[in-house]
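Q: One line per chain: the protein sequences are A and B, in this order. Read in order, the letters of the first sequence are residues 1 to 153 in my numbering. Read in order, the letters of the second sequence are residues 1 to 164 in my numbering.
These are computed hints drawn from the structure, not numbers from a lab. Here the structure is a predicted model, which means the values were calculated and not measured. Think of the CB as a built atom: it goes at the ideal place given N, C-alpha and C, for glycine as much as any other residue. Some hints could be false.
To be verified - Computed, partial: chain A to chain B, Cβ under 10 Å:
1. Thr9
2. Leu33
3. Val81
Below are the chains, spelled out letter by letter.
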Amino acid sequence: MADQAEIYTADHVLEYPYLRSVGPVVGAFLTGLRDGKVLGTKGTGGRVIVPPTEYDPETGEETAGMVEVGPEGTVTTWTWVARPRPKHPLPEPFAWVLVRFDGADTSFLHVLKASGPEAVASGMRVRPEFRTEGERVGHVKDISHFVAAGGAP
Amino acid sequence: MSEREPVTMMAAPIHLDYVFTAGVAQSKNLHGLEEGKFIGQRCPKCKKVYTLSRGSCPTDGVPTDEIVELPNTGTVTTYCVVNVPFAGQSIEIPYICAQILLDGANLSFMGLIQEMPTDEVRMGMRVEAVWVEPDELGPTMASVKYFRPNGEPDADYETYKEYL
Numbered sequence: 001m002a003d004q005a006e007i008y009t010a011d012h013v014l015e016y017p018y019l020r021s022v023g024p025v026v027g028a029f030l031t032g033l034r035d036g037k038v039l040g041t042k043g044t045g046g047r048v049i050v051p052p053t054e055y056d057p058e059t060g061e062e063t064a065g066m067v068e069v070g071p072e073g074t075v076t077t078w079t080w081v082a083r084p085r086p087k088h089p090l091p092e093p094f095a096w097v098l099v100r101f102d103g104a105d106t107s108f109l110h111v112l113k114a115s116g117p118e119a120v121a122s123g124m125r126v127r128p129e130f131r132t133e134g135e136r137v138g139h140v141k142d143i144s145h146f147v148a149a150g151g152a153p
Numbered sequence: 001m002s003e004r005e006p007v008t009m010m011a012a013p014i015h016l017d018y019v020f021t022a023g024v025a026q027s028k029n030l031h032g033l034e035e036g037k038f039i040g041q042r043c044p045k046c047k048k049v050y051t052l053s054r055g056s057c058p059t060d061g062v063p064t065d066e067i068v069e070l071p072n073t074g075t076v077t078t079y080c081v082v083n084v085p086f087a088g089q090s091i092e093i094p095y096i097c098a099q100i101l102l103d104g105a106n107l108s109f110m111g112l113i114q115e116m117p118t119d120e121v122r123m124g125m126r127v128e129a130v131w132v133e134p135d136e137l138g139p140t141m142a143s144v145k146y147f148r149p150n151g152e153p154d155a156d157y158e159t160y161k162e163y164l
């Protein structure tokens, strides 16, 4: 018997294959993404909420109806990810951005492809790059990422 | 607008990748299994021998530094005959799942019993471990294929009543 046993390690994967029901509002939003559109809801006083909610997060009132926004928008704030982790949406360095779509009054979290942090700024104009129609399933990743509007990153 | 049905469900899998580190005590146990041996660890205070020890005595809270090699034989203290199929089942039902107290140990562990009719299993039955082939031994409980009756007379209830 070994006096000092080697310390063993092993990979251990824990996985839950959840399928969740999304409800009428998020369902409409995801249906929109699948069809290549970005939809918001109308909250209190006509405020447009994207991503949409069933209730206005400020007043608690029920939202009323879907409205198409974008597709372009403005970066309100961002952070640069210099060393992406394995589960990040892009393998190369990228920016997390909050995007206020044209016509929206709230911001939407997504990913911006850019050459570097110097190419990203609050106030910059961006547009979503949708996956191809055949690839879209009704998920926030139906938008692959954002790019600077009017030009390649 | 859409030709297709509206989206009502979303796949939201949770996938967590862990690296499990067995630590010193469990690594000693696993190393024993790799060599086809059961390893126990004795508490210096109460002298109890723990199988599959985590490295300390749960009663006295002291390290169980003394390594004890345990034999291949033990006693069924209690058991369950599994008749119900469930997802991920790898053994043909019905089968016997038993708590086995190795000779010289003061803690039982769960083991599979084979090579006998399931309706003949009983408390106190004497069993022995059947290991996988030597070239298949590894640092895992899967090195123990199962336990089987070893033909000895049943153990007296008094010898294992503290371990139920």
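Q: Please go over all the hints and tell whether each is borne out by the structure.
A: Hint check results:
At a threshold of 10 Å, the smallest CB-CB gap from Thr9/A to chain B is about 5 Å, leaving the interface hint in force. Taking 10 Å as the C-beta cut-off, the interface hint given for Leu33/A holds, the closest approach to chain B being about 8 Å. Restraint check, Val81/A versus chain B: the minimum CB separation of about 19 Å is more than 10 Å; hint violated.
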